[in-house]
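2 protein chains.
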Amino acid sequence: MRFNLDPIFKPKSVAVIGASRNPDKVGHVILQNYVSAGYSGKLYPINLAAESILGLKAYKSVLEIGEDVEMAVIAIPAEAVPKALTECGKAGVKAAVVVTSGFKEVGNAALQDEIVKVAKKYHIAMLGPNCLGVMDTRSRTDTLFLPTYKIARPQAGYVSFVSQSGGVGSTLLDVIASEGFGLSKFVSYGNAAYIDEVDILEYLMHDKETNVIVVYIEGITRGKEFVELARKITKVKPVIVLKAGRTEAGVIAAHSHTAALAGNYAAYEAVFKQFGFTVADDFDDLINYAKAFASEKRPKGNRVAIITNGGGVGVIAADDVASSKWLKVGSLSSATKKALAKVMPSIVNITIPMDIGGDGDSKRYGDALSMLSNDPNIDMLLVIVLFQTPGADSKVAAEVVHQKDATEKPVVAVSIGSTYTQTHKTMLEEGGVPVYESPLFAVKSLEALLEYAEYRKRRGILTSSFFE
Amino acid sequence: MRFNLDPIFKPKSVAVIGASRNPDKVGHVILQNYVSAGYSGKLYPINLAAESILGLKAYKSVLEIGEDVEMAVIAIPAEAVPKALTECGKAGVKAAVVVTSGFKEVGNAALQDEIVKVAKKYHIAMLGPNCLGVMDTRSRTDTLFLPTYKIARPQAGYVSFVSQSGGVGSTLLDVIASEGFGLSKFVSYGNAAYIDEVDILEYLMHDKETNVIVVYIEGITRGKEFVELARKITKVKPVIVLKAGRTEAGVIAAHSHTAALAGNYAAYEAVFKQFGFTVADDFDDLINYAKAFASEKRPKGNRVAIITNGGGVGVIAADDVASSKWLKVGSLSSATKKALAKVMPSIVNITIPMDIGGDGDSKRYGDALSMLSNDPNIDMLLVIVLFQTPGADSKVAAEVVHQKDATEKPVVAVSIGSTYTQTHKTMLEEGGVPVYESPLFAVKSLEALLEYAEYRKRRGILTSSFFE
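One line per chain: the protein sequences are L and S, in this order. Its first residue numbered 1, the first sequence is counted upward by one per residue in the numbering used here. Its first residue numbered 1, the second sequence is counted upward by one per residue in the numbering used here.
In case anyone wonders, no lab produced these hints; they're calculated from the structure. Predicted model, so just to flag it, every value in this text is computed and none were measured. Check each hint, because a few of them may be wrong.
One copy or two, either will do: identical chains are not told apart, so a pair holds if it fits within one copy or between any two.
No more than 25 Å apart at the CA atoms, straight line, and that leaves these computed lysine-lysine pairs for DSS-like [unchecked claim]:
1. K104 - K117
2. K342 - K409
3. K363 - K25
4. K57 - K25
5. K104 - K342
6. K395 - K25
7. K235 - K300
8. K121 - K12
9. K237 - K409
10. K237 - K10
All chains, please: the whole structure from these sequences, using the hints.
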């Protein structure tokens, strides 16, 4: 590894260079976010004029502090960055996140080269410039200069998310905050003048707090190193990737955006597929797949059972499974059929999809889920709970979570609706059941699990979870 | 037309047969929903024992009322329905919604035949049995026996939604309630013993309050009549259809669900495509396409302009447009380029996608949208507003609505995120701008508009709106 990124993600102390008393300033928002996130390390606001900011004693320079500073967030005008970074070097600061823009992305390559030279000289692990930086839900470091009312911060989890684009990154971060699966680390790496995507991915591959990696990239600079890493990383944990520049129009747009050479998508895709990456085609896929992988269960085959309390949605799901490339609608063993016939009311047709009726309650869901998950003919369970129906309530949500915990097979849910449904969706997700808002999303996600499981099998990695 | 459905959708008076004082009973929920919806017609609870229910005088039979009753909702056990329906006939009731189940769907065809015979004898337009019935946001008739805390009711609009399945219907109704486009009429027609999908679609074709029709069907009984209607209906207004049974597995599941003969999907699809139906492949499509059509603008060509305040999402959208079947990324005329260069800051690259920057505010959105919508090289506008960025706020939302109103060209938006974004999404949607949560959904919806516009052109219908 070129860099140890621990000081970036787990700093024991942070200097905010450019901290300000003015709430409109980036440096104020950053300091404010550290304070309100409950960051437990030491915080040093750096400001030329102020005595104190947000109740913390302020310093004119990192050299004035007189104590060890592990990481610095730099949020001052571009032309002042080289001097501030040099002071960091002299003060023994190990890492710096330069959020400031106005470097290579606006044609100012010389200034960018200058800060890289400083970083190299003083062995500073430098992220950026022109980036949102990092967030770690456990250490509570958070260099994002956007207020929490605009971007909600996700709860702690085991999915880490790397984005070349700050806009894509902050948007998905905000979306993840309303999902139940939680986040480990977020990185927006901007111009990648020093630390780049290969460094970050290599760090996350070894990170014990990361089980699933989600990546948005426009271009890759160190292609050879990326391929070498790609070969190793998916043997350790799943990587979901959305690569911009799938089309000529996208390639041109990407170049205009981050000056990235998006290159030949087909070549990238070939590498991704060869090495078992989960390729997303759109925004939704990133979240949907991450959610499925975060639930940590590995399918052993392609046969899907569908349980529903709404016949129509069951029919649509069956169509989606049957239209998919690899999955098929499972058939019940005769033992399971007999057992189910004993406990289900006569109106329930014992077949897949199994419609337990609009009055299907927690008892009926429990019976169906436990018997289907014990059936050797079934590899995955897709459970549809329409909370609009009379039988579906919090008890059903609790039962689905319980049954998911009791089986080794992947269980995903589909619930569609507004307020009442959203409340129960949250219950399910906080219990570790991935919930989708359309049958198609659920089916695509199960297929992504299967494809990755098959890749690991081909590579001889046969653990019951993806994360062992 | 076989039936006049006005008494179903616009009844001046409603008898609720099976109204109950017990809040757990279906008949109670229905009466309660009429009362709390502010239904302005006369309401007559029918109950053998109670003197009054929910403050309304109760009657033992419709024959006792002594005033004209236009419509009856029947929510009593199946075996009691023939007698109640006969009394409706004798009392001159014009229409009945039989929500009760326990007829043909459980093998009781004889009882179903009996009530059809009664309906025919007395010329009662009968919907059901085994259905949720109807809801009309203007007359406020609402026979859905599900409480509003479970299924939110949408605001008034011009989209009507017909669903064979009660589960699919109520779920989508609940989803539509959290969208801004509004609903005109909802129909869940169940066993279709008398009134069927052809009758309902024919009524909606002529309905002045319906501009867009959304249909979920499993099987069609009167195939010949359906094809005749299909030939006419899309000349008048767009019809979005999701047909279950796209696969063998789906056909079997549909038969088990509503005993529908889902038939050969390819044959259905051929009819849909020949007659300009907008074919949905999944749940999301139904809502996404409905939203686009509800915005009432017709594209004149396939060239899409993309405006964004987040470069990465702009790149993804460009990829989505370029990957689509019919759309292409537009190129600006040189006049527009010159005019934009004068008003945009130098960091903005004057090209499509046009990234106005993370600090892009209402002024910059306004300039970009007005100039792009006046460019003869552009047919449709896709505007991305990431509300996580510093420049994006309520003023931007208001400006996008303003610019949408000022142009004849379709404008759709993409905004992705949690609380802050959702608030602003609602502002945009209530202003008539369809908002999508992924670039792909927006692009697919623009393509659906284009396909329908091209169909109308081929049929020689050249109005500037779809609804003239």
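These are the hints, each one checked on the structure:
Taking the shortest Cα distances, K104 and K117 sit within 25 Å of each other inside one copy (15 Å), while across copies they are farther apart (81 Å). Taking identical chains as interchangeable, the C-alpha atoms of K342 and K409 lie at most 25 Å apart only when both belong to the same chain, with a minimum of 24 Å there against 60 Å between chains. When the C-alpha separation of K363 and K25 is checked against a cutoff of 25 Å, the pair qualifies only between copies, where the shortest distance is 21 Å, while the shortest distance within a copy is 56 Å. In this assembly of identical chains, K57 and K25 lie within 25 Å of each other by CA distance solely inside one copy; the values are 18 Å within and 66 Å between copies.
Proximity of K104 to K342 under the C-alpha cut-off of 25 Å is restricted to the inter-copy arrangement: shortest distance 24 Å between copies versus 70 Å within a copy. With identical chains, the CA atoms of K395 and K25 are at most 25 Å apart between copies only, with a shortest distance of 21 Å across copies and 48 Å within one. Proximity of K235 and K300 under a CA criterion of 25 Å is satisfied intra-copy only: 17 Å inside one chain copy versus 51 Å between copies. When the C-alpha separation of K121 and K12 is checked against a cutoff of 25 Å, the pair qualifies only within one copy, where the shortest distance is 23 Å, while the shortest distance between copies is 85 Å.
Taking CA atoms no more than 25 Å apart as the test, K237 paired with K409 passes inside one copy only; the shortest distance there is 18 Å, against 47 Å between copies. Taking the shortest alpha-carbon separations for K237 and K10, only the intra-copy value of 22 Å comes in at or below 25 Å, while the best inter-copy value is 59 Å.
In this structure, every one of the numbered hints holds.
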